[in-house]
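There are 2 protein chains.
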Amino acid sequence: MNLPYLYSKLKPSYRLRSIDEIYAAPLTCINGVSSSTARNIELAYRISTMGVLFKNLRNIYAHFNYLDPCKLFYPSFDPGPNCGWQFLFSDIPHDSFPAANFRKEFGPVFYRGRLDGTARVMVVGQDPSTDEALAKRAMVGQAGQLVQKYLERVGIDRSYIIVNTFAYSMKSSGAIYDTLSESAGIRAYRERIFDKIVTENPLQAIICFGALARKAVYMWGRAGAATVYNLTHPTAPDTAATLSDWNSDFDNIYERVTPDVGLVRTRGFRYDIDFHYDVDLAKIPARDLPFGTPEWFGTGGTKSKRDTDRKIILSVDGGG
Amino acid sequence: MNLPYLYSKLKPSYRLRSIDEIYAAPLTCINGVSSSTARNIELAYRISTMGVLFKNLRNIYAHFNYLDPCKLFYPSFDPGPNCGWQFLFSDIPHDSFPAANFRKEFGPVFYRGRLDGTARVMVVGQDPSTDEALAKRAMVGQAGQLVQKYLERVGIDRSYIIVNTFAYSMKSSGAIYDTLSESAGIRAYRERIFDKIVTENPLQAIICFGALARKAVYMWGRAGAATVYNLTHPTAPDTAATLSDWNSDFDNIYERVTPDVGLVRTRGFRYDIDFHYDVDLAKIPARDLPFGTPEWFGTGGTKSKRDTDRKIILSVDGGG
Chain A
5 MNLPYLYSKL
15 KPSYRLRSID
25 EIYAAPLTCI
35 NGVSSSTARN
45 IELAYRISTM
55 GVLFKNLRNI
65 YAHFNYLDPC
75 KLFYPSFDPG
85 PNCGWQFLFS
95 DIPHDSFPAA
105 NFRKEFGPVF
115 YRGRLDGTAR
125 VMVVGQDPST
135 DEALAKRAMV
145 GQAGQLVQKY
155 LERVGIDRSY
165 IIVNTFAYSM
175 KSSGAIYDTL
185 SESAGIRAYR
195 ERIFDKIVTE
205 NPLQAIICFG
215 ALARKAVYMW
225 GRAGAATVYN
235 LTHPTAPDTA
245 ATLSDWNSDF
255 DNIYERVTPD
265 VGLVRTRGFR
275 YDIDFHYDVD
285 LAKIPARDLP
295 FGTPEWFGTG
305 GTKSKRDTDR
315 KIILSVDGGG
Chain B
5 MNLPYLYSKL
15 KPSYRLRSID
25 EIYAAPLTCI
35 NGVSSSTARN
45 IELAYRISTM
55 GVLFKNLRNI
65 YAHFNYLDPC
75 KLFYPSFDPG
85 PNCGWQFLFS
95 DIPHDSFPAA
105 NFRKEFGPVF
115 YRGRLDGTAR
125 VMVVGQDPST
135 DEALAKRAMV
145 GQAGQLVQKY
155 LERVGIDRSY
165 IIVNTFAYSM
175 KSSGAIYDTL
185 SESAGIRAYR
195 ERIFDKIVTE
205 NPLQAIICFG
215 ALARKAVYMW
225 GRAGAATVYN
235 LTHPTAPDTA
245 ATLSDWNSDF
255 DNIYERVTPD
265 VGLVRTRGFR
275 YDIDFHYDVD
285 LAKIPARDLP
295 FGTPEWFGTG
305 GTKSKRDTDR
315 KIILSVDGGG
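Chains A and B, in that order, give the protein sequences. Counting from 1, position 257 in the first sequence corresponds to residue 261 in the numbering used here; the numbering is continuous, with no gaps. Counting from 1, position 2 in the second sequence corresponds to residue 6 in the numbering used here; the numbering is continuous, with no gaps.
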């Protein structure tokens, strides 16, 4: 659901309430809906709360023009980059990514999230893996779902843009990737993306996950008004250390970012010494994924694996 | 490239020329570009033909405002359905497709091509397979590439909308699928899609590939002004019979449809007794596929296969 649109249609006294409270609220919470209008809607359609309205809005829309179901419910997917971003993405210097170090077959993965100038947080990760190659979006596998949950807990469930240090998938690891990250072609192109994000978005925070992301943002050095936070990558071997690091920055980020409307965040939340995959993973929102992506993709961990460099195996969770 | 936009910007005498002729033409073929303007562009940028202009338009756009590169080159992918189509697609009666007969895991696949009211041809196929599940678009594997080439040869390379008899993948074949195709839920929903296509598009031809498609369109019976052509499915066992069937309708379809601008079609083309995969496959255009789809996908045959019902293996052509 397009919550910014929804909240813009509510009476001021309702705009700071959680989406759960809005679901339970009477239709009179909508700007312009009087108690008599609400009563007529209830008599005609048995719709008395916003939650029921959302389920039936498409059917009664002709008689209820206070909320546009197109704007409220769609797009429920990410249509892809606008023209300006397409220009920049199409400029990627493919040859600056050596085939010896990067998997080129499935192409680059550029982003996930808002390209429309509404991002308050920029997340920088490392490189895309197989789920990312299939979705053509960054951070959609297990690591991405752990990061997504962290963002939700500090108060951001949509106003982010996620990019990686490398748009291509790394074939291995090690010092060579520090060198490649600093190489002219890769660095200059990555920084054109960082610059465009900072220029077009009211960024409050830049959150780097992993050493490569930290170095990429440090080298760049043009964070502007945004505060830079350096967190350990969720896949780092010592999870206890990772989570203590995530905990140590939690309150700072929580205080720094304006939360997304309708989101209930968790002040003072602290991770345990290990991830609990039943609660520490968040579903990658459909609004971040291409049209037609199955519901189970982007939830419950990574769904695909690499067989050889030139094969990707996609399995339904629990599938044979 | 957005050819309808390009041709709309050309002087009338150039509007019926092929795109290859336009590439070779001088800049004066553009409406409003005088010979002196063309001369200045050539002196300043060494750009004297449209082909060279296309390569450099983005860089000189600030000084050459006769063609908008955003409109000319983007989107170079299919962003997905608009709101009205999303409403209809989200209404699919999932439970009308029995899990015993259809693969449900990867979700339905609804369409490929134009949803914007510019389709002159509706293509009806059978059901989506693995490449279709990955692209979330219909007819993108080998069968789709054979159909794509047939459409190009009769004169249509973009003004089509492709849908299937079944939005879900069939687990087997046989008479049961005739019964399922006629079952209330599946039939009624499919016909809502057919009706919306006929209502919104200036259809000239409806081309059915395979017996299930033919029956689906026949049962529906509301083709309106469009002529219905029933062709054998490209995967039918007797290829010689299939191609003689494709040949027998070729000229009729060729005469019936208005060709897409800038496309050179082949009057009186005839297939051999077997497919020649070097010339009879057409690349599925990037404009039909989601953002980020690799170049090799939708070309050179089917790129993925099903391991078990719950796995899809995607391989780069020739990959290990």
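Just so you know, these hints were derived from the structure itself, not from any lab. Some clues are possibly wrong.
Copies of the same chain look alike in the list, so a pair counts if it fits in one copy or across any two.
[As the list claims (entries may be wrong)] In silico lysine to aspartate or glutamate, DMTMM-like type, Cα no more than 25 Å apart, as pairs:
#1 K200 to D255
#2 K287 to E109
#3 K59 to D311
#4 K153 to E259
#5 K315 to E299
#6 K15 to D199
#7 K13 to E46
#8 K75 to D24
#9 K175 to D95
#10 K108 to E156
#11 K59 to D95
A quick note: this is a predicted structure, and the numbers were derived from the prediction, not measured.
Outcome of the hint check:
no.: 1; hint: K200 to D255; verdict: neither (28 Å within a copy, 52 Å between copies)
no.: 2; hint: K287 to E109; verdict: between (27 Å within a copy, 17 Å between copies)
no.: 3; hint: K59 to D311; verdict: neither (43 Å within a copy, 38 Å between copies)
no.: 4; hint: K153 to E259; verdict: within (17 Å within a copy, 58 Å between copies)
no.: 5; hint: K315 to E299; verdict: both (23 Å within a copy, 16 Å between copies)
no.: 6; hint: K15 to D199; verdict: neither (37 Å within a copy, 40 Å between copies)
no.: 7; hint: K13 to E46; verdict: within (20 Å within a copy, 54 Å between copies)
no.: 8; hint: K75 to D24; verdict: within (20 Å within a copy, 42 Å between copies)
no.: 9; hint: K175 to D95; verdict: within (23 Å within a copy, 42 Å between copies)
no.: 10; hint: K108 to E156; verdict: neither (32 Å within a copy, 30 Å between copies)
no.: 11; hint: K59 to D95; verdict: between (43 Å within a copy, 13 Å between copies)
In the structure shown, a violation is registered for the earlier hints numbered 1, 3, 6, 10, in ascending order.
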